[in-house]
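With the hints as constraints, model all of the structure from the sequences given.
Now for the letters of each chain:
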Amino acid sequence: MLEIIDLHASVDDKPILKGLNLQIRPGEVHAIMGPNGSGKSTLSHVLAGRPGYDVRGSVRFNGQDLLDLAPEERAWAGLFLAFQYPVEIPGVSNTNFMRSALNQVRNQRGLSALEAGDFLKIMREKAALVQLDPSFLSRPVNLGFSGGEKKRNEIFQMAMLDPRLAILDETDSGLDIDALRIVAEGVQKLRREDNSFLVITHYQRLLDHLKPDIVHVLMDGKIIRTGDHTLALELEEKGYDWLKAKFV
Amino acid sequence: MRVDHTDPVPVVNDKPEEDVLLNKWAEQDYEFGFISNIEQDIVPKGLSEEVIRWISAHKEEPSWLLDWRLKAYRHWLTMPSPQWAHLEIPAIDFQNISYYAAPKANAKLNSLDELDPEIKSTYDKLGIPLEEQLILAGVAVDAVLDSVSVVTTYKEKLAEKGIIFCSFSEAVREHPELVRKHLGKVVPYTDNYYAALNSAVFSDGSFVYIPKGVRCPMELSTYFRINAAGTGQFERTLIVADDEAYVSYLEGCTAPKRDENQLHAAVVELVALNRSEIRYATVQNWYPGDANGIGGIYNFVTKRGICQGVSSKISWTQVETGSAITWKYPSVVLLGDRSTGEFYSVALAARAQQADTGTKMIHICKDTTRRIVSKGISAGRGQNAYRGLVKVRESATNARNYSQCDSLLMGDRCGAHTYPYFEINCPDAQVEHEATTSKIEEDLLYYCQQRGLPTEEAIALIVNGYAKEVLDKLPMEFAVEARKLLAISLEGSVG
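Here the protein sequences line up with chains A and B, keeping their order. Counting with the working numbering, you get residues 1 to 248 for the letters of the first sequence. Counting with the working numbering, you get residues 1 to 495 for the letters of the second sequence.
I should point out that these hints are in silico values taken from the structure, not numbers from a laboratory. Positions of the beta carbon are idealized from the N, C-alpha and C atoms, including for glycine. Certain hints may be false.
Said to hold, decoys possible - Taking lysine-lysine and the DSBU-like style, the derived pairs with C-alpha atoms no more than 30 Å apart in a straight line are:
#1 B:K439 - B:K473
#2 B:K360 - B:K473
#3 A:K211 - A:K238
#4 A:K121 - B:K484
#5 A:K121 - B:K468
#6 A:K211 - A:K189
#7 A:K14 - B:K439
What the hints assert, rightly or not - Here are the simulated distance ranges between beta carbons:
#8 A:D133 - B:T190: 56 to 64 Å
#9 B:P90 - A:I5: 53 to 61 Å
#10 B:P90 - A:V11: 39 to 47 Å
Stated by the list, open to error - Here are some, though not all, of the chain B residues that point toward chain A, as calculated from beta-carbon distances under 7 Å:
#11 D443
#12 Q450
#13 P454
#14 L461
#15 G465
#16 Y466
Here it is as structure tokens:
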């Protein structure tokens with residue numbers, strides 16, 4: 001699915017990722033944890049193709065060289081990023097936005113555009129999955145949404161676009177316990193043999209629900225430790241300092 | 001009285017770096033740039049009393065109209081051209097313009113079938129539905145090619161309700177008393193330089209009269225097109241809504257691609273009597289010139305309505321995407337008690353286009369309300385200025401005025417400028433003005449792209465969302481057209 005080899009990324013000559021390696025196979029859920037400033041969000045944006053980074057290294061995604069692709073081409077190839085800070089789009093309804101995006105993605109994948117009726121049916125179905133009130137569908141994208149509603153909207157969009165690899169960038173931050181459970185259950189329902197998730201988080205809470213197959217610790221631009229879900233528990237208990245000491 | 005914000009707020013962004021992608025859209029091709037090969041009846045270039053007499057005689061006008069034209073011309077000669085706008089207007093040689101061009105052989109038409117096939121194909125290319133489907137669409141069209149009105153559809157059907165919808169020339173012939181009563185009453189020929197010029201040389205235009213108590217059952221619409229080279233277009237539109245009448249009117253404009261600049265100086269006058277309502281919408285797509293500012297239409301237009309009757313309402317909606325230079329301020333004089341004026345505008349300045357547009361409103365009587373929503377979009381090297389005057393007379397107790405003025409910048413070589421003016425002479429007026437300026441942030445584009453939308457589609461979506469409040473005010477079928485136009489003007493991928 002995804003193979004990252006020796007990935008470096010810098011902004012204004014300041015190195016952030018410093019030789020990162022990561023491999024994700026179909027059906028797997030990976031979690032990346034790490035202290036603030038370790039490069040977690042940078043990793044997600046470098047994978048999604050945000051402009052402004054100076055990137056070196058190799059990233060293969062389902063046989064394609066990911067770093068050669070424009071952001072929309074990565075989306076067509078099946079990569080999705082749930083943003084930590086989703087933007088607002090005034091005057092553009094969620095419905096309109098999703099219809100444009102989904103038909104574009106379908107078109108690129110060789111599928112025909114959906115009939116209006118079919119589209120609405122799918123949309124209602126996916127909204128229910130994350131308990132997003134249908135009234136949000138006719139509202140402008142993220143405009144006036146609370147933090148939790150924005151995050152739920154991200155997962156709703158993810159469900160609509162049905163990606164092969166979904167990156168969740170601190171989707172749990174700013175969520176109360178109930179919202180966290182709803183989001184986690186939504187993701188859980190979308191898990192399949194042929195798709196994968198990369199979950200970036202500070203906290204164990206989300207991982208309690210998602211039960212990742214593999215947990216990585218990202219520190220100073222590199223993955224310094226990889227383990228199973230017990231690693232997350234260990235981090236919860238001990239923090240990152242013991243690893244830092246070991247690492248240095 | 002509350003004024004949130006009174007000083008001019010110029011926002012200029014003139015960093016030299018090029019945003020290649022944004023500029024590419026801003027400079028893409030003009031879709032309506034074809035030239036029709038129609039035999040023209042053109043008066044030789046130049047402006048003089050003789051030319052004005054020729055136009056008037058050619059149109060077989062009554063002497064009062066000729067006198068009015070000549071007074072306007074003599075007044076125009078005494079006026080300097082206006083220099084106050086935020087525009088760079090190259091000197092215009094008024095002797096190098098032909099003031100009258102008409103398709104030849106313009107014998108009276110009895111039906112659409114008799115229309116010159118070239119003219120018809122011109123309008124077909126523009127996507128103007130002159131045929132039977134018009135009835136279904138509920139649109140009646142008056143088409144003005146260069147100087148004369150070519151054909152007016154559905155006149156008979158409207159006549160059954162007593163509605164007059166015809167070319168201005170025909171109105172002068174058939175309804176001289178109505179024309180004489182209202183012509184120049186809202187925009188006198190002394191009003192401004194281009195209004196004076198128009199009054200002297202105007203060739204044709206549209207005339208609408210809605211009788212007492214009649215709701216016009218269909219959208220009325222005029223399409224203007226400048227086709228002949230070296231000509232100017234000077235049309236005049238006069239709409240009168242009698243007591244309790246209602247009319248919704250739309251004009252659309254295009255012109256061929258030519259390397260020279262062409263002058264379009266129109267005048268529109270609206271008169272709303274007691275409890276009547278006039279909605280006037282414009283989708284303006286004159287040829288904007290190329291990326292280097294060569295060619296394009298100078299669009300210098302005076303539009304004003306007067307809410308003469310009590311509880312009357314006038315609403316201007318404009319989508320301005322074309323023209324090299326736009327200079328227009330659709331205004332409302334709120335003369336009747338409890339009258340309402342509205343102004344909704346989207347103005348786009350891409351490539352090397354310049355727009356100085358906005359509105360004036362003058363509150364004269366009591367309990368008057370005015371609402372303004374202006375959305376400017378600047379791209380390429382485009383310069384977009386909003387200019388708004390709010391004047392509340394001493395007599396206008398309990399006046400309310402709300403203005404919202406937003407600017408959107410794309411790329412870093414364009415500019416947006418806001419010039420609000422307030423003259424408040426009545427202490428209980430409530431006047432609010434809000435202005436915002438934003439850029440299409442890279443983050444917003446990136447977000448859309450991450451969802452699979454290519455940059456151009458993302459921009460079209462964002463811009464249409466930004467302009468939605470105004471586009472929603474257009475009649476449905478024209479809103480669709482305007483959305484497309486905005487997308488085309490910015491994208492290059494559509495059409």
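Hints, verified against the model:
With a C-alpha separation of about 24 Å, the suggested pairing of K439 (chain B) with K473 (chain B) holds against the 30 Å cut-off. Proposed proximity of K360 (chain B) and K473 (chain B) is supported: the alpha carbons are some 19 Å apart, at most 30 Å. Taken as a hint, the K211 (chain A) and K238 (chain A) pair is honoured in the structure, with Cα atoms around 19 Å apart against an allowance of 30 Å. This hinted pair checks out: K121 (chain A) and K484 (chain B) have alpha carbons roughly 27 Å apart, not beyond 30 Å.
At roughly 26 Å between alpha-carbon atoms, K121 (chain A) and K468 (chain B) fall within 30 Å of each other, so this suggested pair holds. About 13 Å separates the Cα atoms of K211 (chain A) and K189 (chain A), which keeps this hinted pair within 30 Å; it holds. Straight-line distance between C-alpha atoms of K14 (chain A) and K439 (chain B) comes to about 27 Å, which keeps the hinted pair within the 30 Å bound. Distance hint check for D133 (chain A) and T190 (chain B): the Cβ-Cβ separation is about 59 Å, which falls inside the suggested range of 56 to 64 Å.
Distance hint check for P90 (chain B) and I5 (chain A): the Cβ-Cβ separation is about 60 Å, which falls inside the suggested range of 53 to 61 Å. For P90 (chain B) paired with V11 (chain A), a C-beta distance near 45 Å keeps the hint of 39 to 47 Å intact. Interface restraint check for D443 (chain B): the shortest CB-CB distance to chain A comes to about 6 Å, inside 7 Å, so the restraint holds. Residue-level restraint check for Q450 (chain B) holds (minimum Cβ-Cβ distance to chain A is 5 Å; threshold 7 Å).
Because the closest C-beta pair between P454 (chain B) and chain A is about 5 Å apart, less than 7 Å, the hint holds. Taken as an interface hint, L461 (chain B) checks out: its beta carbon lies about 6 Å from the nearest beta carbon of chain A, inside 7 Å. Because the closest C-beta pair between G465 (chain B) and chain A is about 3 Å apart, less than 7 Å, the hint holds. Hint on Y466 (chain B) holds. Least Cβ distance to chain A is approximately 6 Å, under the 7 Å limit.
This entry satisfies every hint, going by the numbered hints stated previously.
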